[in-house]
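Asks: These are the residues of each chain, in order.
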Amino acid sequence: METNGSGASPIDEHLRAELRAIVGENAIVQRTSELKVYECDGWTIEKSRPDLLVMPRTTAEVSAVLKALHKRKIAFVPRGAGTGLSGGALPIQAPVMICTSRMNRILAIDLANRRVEVESGVVNLHVSNAVKADGYFYAPDPSSQMACTIGGNIAENSGGPHTLKYGVTTNHVLAVELVLPDGGIVELGGPVEDRWGYDLVGALIGAEGTAGIVTRATLKLLREPEARQTLLAIFPDVESATRAVSATIAAGIIPGAIEMMDRLIIRAVEAAFHIGLPDDAEAVLIIELDGLAAGMDERLVRVCELVRGCGAREIRIARDEAERANIWQGRKRAFGAVGRLAPNYATQDGVVPRTRLPQILRAIAAIAEHYRLRIGNVFHAGDGNIHPIVLYDERDPDEVRRAIEAGRDILKACVQLGGSLSGEHGIGAEKIQEMPLLFSPDDLMVMTELRRVFDPDGRSNPNKIIPTPGACVEVTTPHRQAAL
Amino acid sequence: MQAEHETERHPALRAATELSAIIGADRLRTPEGREALAADLIVEPRNADELSKIVFKCEVDGITLAPLGGARTLAEIRRTHVTLGVSLARMSRIVDYEPEDMTVTAEAGITLGALNQALAANRQHLPLDPPDPSSVTIGALIGASKAGPLRLTEGGVRDLMIGVRFVGHGGRIVRGGGRVVKNVTGYDLMKVMSGSFGTLGVVIEATFKVRPMPERYTIAMLSCRDPATAFEAAARIHDALPLIHLEVASPGIAQNLGVARDRFGVIVGFCGNRAEIDYQSDKIRALAGDAEVEVVRLASALRLYQRLRDFTLPVPGISARIATLPASLHRSLQDCAAEFCAHAGCGVAELFMPGELAADEAAKLVARWREVAAVARGHLRLLSAPPAIRGGLDFFGAPGDGVLALSRRLKAAFDPVGIFNPGCFIGGI
Ligand SMILES: Cc1cc2nc3c(=O)[nH]c(=O)nc-3n(C[C@H](O)[C@H](O)[C@H](O)COP(=O)(O)OP(=O)(O)OC[C@H]3O[C@@H](n4cnc5c(N)ncnc54)[C@H](O)[C@@H]3O)c2cc1C
Ligand SMILES: Cc1cc2nc3c(=O)[nH]c(=O)nc-3n(C[C@H](O)[C@H](O)[C@H](O)COP(=O)(O)OP(=O)(O)OC[C@H]3O[C@@H](n4cnc5c(N)ncnc54)[C@H](O)[C@@H]3O)c2cc1C
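Protein sequence lines, in the order shown, are assigned to chains R and X.
With this note's numbering applied, the first sequence covers 1 to 484.
With this note's numbering applied, the second sequence covers 1001 to 1429.
Isolated chain R (complex conformation) (with noise of 0.2 Å):
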């Protein structure tokens, strides 16, 4: 079977050789069923297997790697774990396959400035969890925070329910140790707040895996707040859902988070995980205040009374920790209960003004009942962020081809009503032929432009983000490698 869209193999002895005496035997793997596991990341619509993988344990066997890769001009896909949502780690044309995983060293803890320094294969959830004893925490938290990694999040500029109020990567990231493409060691920004020339650390984050690879990163910690109350507040439909949304955040409010589940997420969850969420409601909100102890009462009522004021028909309050962790744990765990439903699902990640959600979820349902889909909504409604989940089963060519059509209706329409494609996923290659809805062709060349100052001749992570004439394969059914 071809792999990766390209004809033979450019990985010659030569290569594997070098490659071998820099990260040693067993970091390479180029076996075709153990390469299966790397074929693809959460978006399972496209796969591409990589000829060679290699998983280096330091900078130095990156930039070495990178060298060789250099010398003999082979493009190449960097791998966290694996878990974006948007083919950013599919290899398109890219033999090599280079895998974080094994720099997953946290460096330095530094309390008092409140600085971390880790290797960019960390797990986010690790870099927390070191230091929560202490009271402290880092911001960004995506929902797969368990397994994706610091490099992946640097790369999609991830964020997560509680970046409504404390912000996205890109607002906790001091500086980066980067691996050009010719294998150059270049170090971005510094501990320090002020940003000194451009901002190139800015510039890196988000450009999902095209500028290098990221080897160590500088984060920033924050204090744990000293309260929390989370509370779940359950709808008759969506809009008065949305409203209390917009509801909260007019009056001065600006919770740590506000996630929205639907009817079908809501179900789902239920059967999964018997949380106790009642079968006949249509929305619900989880809503979580964080701050001082002292005015968290008073703050809590002006909540609920806004909330019910929007039509909330009950409002259920966590006593306690185990009770908000099992409100949490609905949210959380609502992509795995949602696999129960059918055999695949594909997540988009648009974004409107958080104004417009009425809307975008009225256009959703109607996209769903055109294409005779299920479509369910679990996201971050504070930011506007929206998450349908397109039920799908890949046996079905046609049902394959109606739920990527219906992703791009709801792109479609989210750019109709001010938003934008991605909020926190990223464009990789699942959203590349939607760029033009969004960016004039002078806009994406001026970003293909910024691209090439780091990675002048387009050997990270090709095939990405900006369309490029010739190199695209329109996606109307499963390509590259069908899967079957």
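Fair warning: there could be bad hints in the mix.
Said to hold, decoys possible - Stretch by stretch, here's where chain R covers chain X in the computed footprint (C-beta under 8 Å, at least three residues):
| no. | segment |
| --- | --- |
| 1 | 1056 to 1069 |
| 2 | 1192 to 1198 |
| 3 | 1275 to 1287 |
| 4 | 1338 to 1352 |
| 5 | 1391 to 1401 |
Said to hold, decoys possible - Once the Cα atoms are required to be at most 25 Å apart in a straight line, the calculated DMTMM-like pairs of lysine to aspartate or glutamate come out as:
| no. | chain 1 | residue 1 | chain 2 | residue 2 |
| --- | --- | --- | --- | --- |
| 6 | X | K1057 | R | E449 |
| 7 | R | K165 | X | D1239 |
| 8 | R | K165 | X | D1278 |
To be verified - Computed spacing ranges between beta-carbons, pair by pair:
| no. | chain 1 | residue 1 | chain 2 | residue 2 | range |
| --- | --- | --- | --- | --- | --- |
| 9 | X | E1356 | R | A60 | 45 to 55 Å |
| 10 | R | A133 | X | E1371 | 35 to 45 Å |
| 11 | X | N1256 | R | P441 | 51 to 61 Å |
| 12 | R | R316 | X | N1256 | 45 to 55 Å |
| 13 | X | E1018 | R | R223 | 57 to 67 Å |
| 14 | R | Q416 | X | G1024 | 52 to 62 Å |
| 15 | X | G1392 | R | K412 | 55 to 65 Å |
| 16 | X | R1274 | R | D110 | 49 to 59 Å |
| 17 | X | A1275 | R | N129 | 31 to 41 Å |
In case anyone wonders, no lab produced these hints; they're calculated from the structure.
It should be emphasised that the depicted structure is a prediction, and the values quoted were computed from it without experimental measurement.
Positions of the beta carbon are idealized from the N, C-alpha and C atoms, including for glycine.
Following the hints, put chain X with the ligands in place on chain R, whose structure we already have.
Replies: Showing chain X with the ligands alone in chain R's frame:
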């Protein structure tokens, strides 16, 4: 012919003649005030298309240009004039403001003061607070990445700007980001443009996240005998409470602000509902050690905040901004031996050295400050210096070789001909 001879000698005259033909003579004027320190001729385009034509023309003819707001920063950093100063005074509309979405899009010529005035109707603001907001344009705010006390919790321009439009090389009108608060669609051109000091293009429009105005804004002022007591108290308070700003001021500045006399001042800003204000006020008193504490509220707090935000050296002298690891700031400021106003929680401080220094003394002083910053793994940027000695001072310093090489490539990619505010940024970019 005489006239032709004149235009040959004066690129500004030639540019004026040719630009008049393209966009009309009424768009051009002579520089006023500080502008005269930076540019030979001022152009005031009315819209993106006019600016696009101007930039296209400049690139073809190799005419240098620099966007300017109040020309404050530009006057400090430029050693030679650019031919054309681009003022966006006629591009100063609020394009779109959705209070419920808490986003605002404005043309870059509007001042921060005017923008915040409009947002105040909904008890919202753009929490970026350099001195004298009524004379800082959004363009200058972005270009120089200006910030003030509120940076502790709100971050800087880079953290609040979610969309940008600029006119880049070839006259291309380029857009990045959008109007939604969370967005990873395409490369982050907002970060590229913020703090780029006009070297990559002319920002014409930006979209920001805005914030609710703080509730029951309150300030606690501590007056402390020595800097160690002041910084230690600040650190204890920062550790215990979610503040909105936290400053430590040296005696000269504390006195000027009316916070303390012959003592170091700690200025702690916080907000919240009634219970939170009471709790925080008590907590600050408890954590203040033996420092005297005075709490001021609402209108008095706002007046003090405005003095703090607007403070600039009232006499000739040098001012600079140092950034270090927060825990090292106290030590670094001691080593710098200057008056200071420190944003203590962020590890950033403004340094002030009043007095008429000779050029070589000033250069030595700045070099010493830079060494201090480097020891604390940070850096230092000059903010202002008297005209007589500016010429000999390096305002930005130069970061390491790797960063400089990438920075040069970025500059070359965005400005291949080198017309945008050339020669005065890091490493002479
Ligand atoms: C169940 C589930 C829930 C999720 N929830 C969220 C959420 O709430 N918020 C959110 O933002 N995302 C979420 N995601 C998406 C995903 O987890 C994030 O995008 C994450 O940051 C990817 O990290 P990773 O280590 O798995 O990266 P990968 O998937 O391996 O790679 C992602 C991209 O990063 C690049 N990359 C990886 N490491 C490096 C490196 N060291 N240097 C340069 N480039 C690199 C890759 O080339 C690729 O383009 C979710 C995913 C799943 C499966
Ligand atoms: C911590 C904090 C708490 C606050 N609490 C409150 C509060 O409780 N209640 C409240 O009402 N506000 C509050 N504010 C808002 C604050 O008072 C406003 O931001 C106000 O704009 C600051 O006014 P200023 O006098 O400092 O003027 P500046 O900050 O200098 O800016 C406003 C200036 O802009 C000028 N201006 C107006 N229109 C234009 C124009 N078209 N072009 C050029 N200039 C123009 C005005 O003349 C005015 O001088 C708070 C702000 C902060 C930072």
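Asks: Taking the hints in turn, state whether each one holds.
Replies: Here's how the hints hold up against the structure:
{"no.": "1", "hint": "1056 to 1069", "verdict": "violated (count 0)"}
{"no.": "2", "hint": "1192 to 1198", "verdict": "holds (count 4)"}
{"no.": "3", "hint": "1275 to 1287", "verdict": "holds (count 5)"}
{"no.": "4", "hint": "1338 to 1352", "verdict": "holds (count 3)"}
{"no.": "5", "hint": "1391 to 1401", "verdict": "holds (count 4)"}
{"no.": "6", "hint": "K1057/X <-> E449/R", "verdict": "holds, 22 Å"}
{"no.": "7", "hint": "K165/R <-> D1239/X", "verdict": "holds, 19 Å"}
{"no.": "8", "hint": "K165/R <-> D1278/X", "verdict": "holds, 24 Å"}
{"no.": "9", "hint": "E1356/X <-> A60/R: 45 to 55 Å", "verdict": "holds, 52 Å"}
{"no.": "10", "hint": "A133/R <-> E1371/X: 35 to 45 Å", "verdict": "holds, 38 Å"}
{"no.": "11", "hint": "N1256/X <-> P441/R: 51 to 61 Å", "verdict": "holds, 54 Å"}
{"no.": "12", "hint": "R316/R <-> N1256/X: 45 to 55 Å", "verdict": "holds, 54 Å"}
{"no.": "13", "hint": "E1018/X <-> R223/R: 57 to 67 Å", "verdict": "holds, 58 Å"}
{"no.": "14", "hint": "Q416/R <-> G1024/X: 52 to 62 Å", "verdict": "violated, 37 Å"}
{"no.": "15", "hint": "G1392/X <-> K412/R: 55 to 65 Å", "verdict": "holds, 58 Å"}
{"no.": "16", "hint": "R1274/X <-> D110/R: 49 to 59 Å", "verdict": "violated, 36 Å"}
{"no.": "17", "hint": "A1275/X <-> N129/R: 31 to 41 Å", "verdict": "holds, 32 Å"}
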